[in-house]
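Sequential numbering of the sequence shown, starting at 824, is according to my numbering.
Treat the hints as calculated values from the structure; they're not laboratory data. Do not take every clue at face value.
As the list claims (entries may be wrong) - Cut-off 20 Å, straight-line C-alpha distance, at most; resulting in silico cross-link-like pairs (EDC-like, lysine to aspartate or glutamate):
(1) Lys1001 x Glu866
(2) Lys872 x Glu935
(3) Lys852 x Glu992
(4) Lys1012 x Glu935
(5) Lys872 x Glu969
(6) Lys862 x Glu979
(7) Lys966 x Glu866
(8) Lys861 x Glu992
(9) Lys872 x Glu855
(10) Lys862 x Asp1000
(11) Lys1001 x Glu935
(12) Lys953 x Glu924
(13) Lys930 x Asp850
(14) Lys953 x Asp1008
(15) Lys1001 x Asp981
(16) Lys984 x Glu905
(17) Lys846 x Glu992
As the list claims (entries may be wrong) - Cβ-Cβ distance ranges computed for the label pairs, FRET-style:
(18) Thr956 x Gly999: 47 to 57 Å
(19) Pro927 x Glu866: 17 to 27 Å
(20) Ala907 x Glu928: 23 to 33 Å
(21) Pro1017 x Lys996: 15 to 25 Å
(22) Lys861 x Asn882: 31 to 41 Å
(23) Ser917 x Asp968: 31 to 41 Å
We put the CB at the ideal spot given by N, CA and C, even for glycine.
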Amino acid sequence: MKIIALIIALISIVTTVKSQDKKFLVDFKQSEIIWVGKKLGGEHTGTLKVKSGSMTINNGLITQGEFVIDMSSLTCSDLKDEGANATLVGHLKSPDFFDVEKYPEAKMEITESTKADGEFYVAKGQLTIKGITNPYSFRFVYKMDEGLFIGMANMEVDRAKYNVQYGSESFFKNIGDKVIYDIFDLQVKLIGKPL
């Protein structure tokens, strides 16, 4: 009888833990990513779209997540001249930068998160760009609003780690005022709907 009681207790515990999992599907229509790339004496900015994604939250922490970015959706928002805009976007999609035809997707996978200071959390996992995967972590904040997950993060990415070489001092020395900084920023807003 004691063994049966123990088994029932363990099943109850497992069921309770599983019931704490809350799963969300990323709403790609409401989610948005703004990118900022900087060079000597200037910068460019634009947008990217989230193609798909999901996450699991347990006791307020993201325990699993995956977000796929549609690299073909890349746009530039600061250049108003259509010709200059198209030239820049075409260059960023070319093999000089993100080689979008060969690598149409980038992906962020989250394997765990922890509470940080204030309202911030830290997510850990791996980031894949141009088929190259590296460990990656970032700070984020989130809130629940009428059942929706609303998360925001400012992410810094070192493009040199993903073999994005054009204008990089990590690959080409003494390029002077033609340098484009390796670090680019992603301002991410993710909206998740409960499954």
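Structure-based check of each hint:
Restraint check: the Cα-Cα separation between lysine 1001 and glutamate 866 comes to about 12 Å, which is no more than 20 Å; the hinted pair holds. For a cut-off of 20 Å, the pair hint linking lysine 872 to glutamate 935 is broken: about 24 Å separates their Cα positions. Pair hint lysine 852 plus glutamate 992 does not hold up; C-alpha atoms about 37 Å apart against a cutoff of 20 Å. Distance check on the hinted pair: lysine 1012 and glutamate 935 sit about 19 Å apart at the alpha-carbon level, within 20 Å; holds.
A threshold of 20 Å between alpha carbons decides the hint, and for lysine 872 with glutamate 969 the separation of about 24 Å lies outside it, so the pair is violated. The suggested pairing of lysine 862 with glutamate 979 holds, with an alpha-carbon distance near 15 Å, which does not exceed 20 Å. The suggested pairing of lysine 966 with glutamate 866 is violated, with an alpha-carbon distance near 31 Å, which exceeds 20 Å. Restraint check: the Cα-Cα separation between lysine 861 and glutamate 992 comes to about 13 Å, which is no more than 20 Å; the hinted pair holds.
Among the hinted pairs, lysine 872 with glutamate 855 is consistent with the structure: their alpha-carbon atoms are about 6 Å apart, no more than 20 Å. As the CA atoms of lysine 862 and aspartate 1000 are separated by approximately 9 Å, the hinted pair is consistent with the 20 Å bound. With a C-alpha separation of about 39 Å, the suggested pairing of lysine 1001 with glutamate 935 is violated against the 20 Å cut-off. Annotation: proposed proximity of lysine 953 to glutamate 924 holds, straight-line Cα distance about 10 Å (limit 20 Å).
About 16 Å separates the Cα atoms of lysine 930 and aspartate 850, which keeps this hinted pair within 20 Å; it holds. Proposed proximity of lysine 953 and aspartate 1008 is supported: the alpha carbons are some 17 Å apart, at most 20 Å. At roughly 18 Å between alpha-carbon atoms, lysine 1001 and aspartate 981 fall within 20 Å of each other, so this suggested pair holds. At roughly 31 Å between alpha-carbon atoms, lysine 984 and glutamate 905 are farther apart than 20 Å, so this suggested pair is violated.
Our distance criterion of 20 Å between C-alpha atoms is broken by lysine 846 and glutamate 992, whose separation comes to about 42 Å. Threonine 956 and glycine 999 have their C-beta atoms about 33 Å apart, which leaves the hinted 47 to 57 Å range violated. Checked against the hint of 17 to 27 Å, the pair proline 927 and glutamate 866 passes, with Cβ atoms roughly 25 Å apart. Judged by the Cβ atoms, the range 23 to 33 Å given for alanine 907 and glutamate 928 holds: they are separated by roughly 27 Å.
Distance hint for proline 1017 and lysine 996: a CB-CB separation of about 51 Å, inconsistent with the stated range 15 to 25 Å. A hinted range of 31 to 41 Å holds for the C-beta pair lysine 861 and asparagine 882, which are about 38 Å apart. In this structure, serine 917 and aspartate 968 meet the distance hint of 31 to 41 Å, their C-beta atoms being roughly 40 Å apart.
Hint compliance for this structure: hints 2, 3, 5, 7, 11, 16, 17, 18, 21 are broken, all remaining hints hold.
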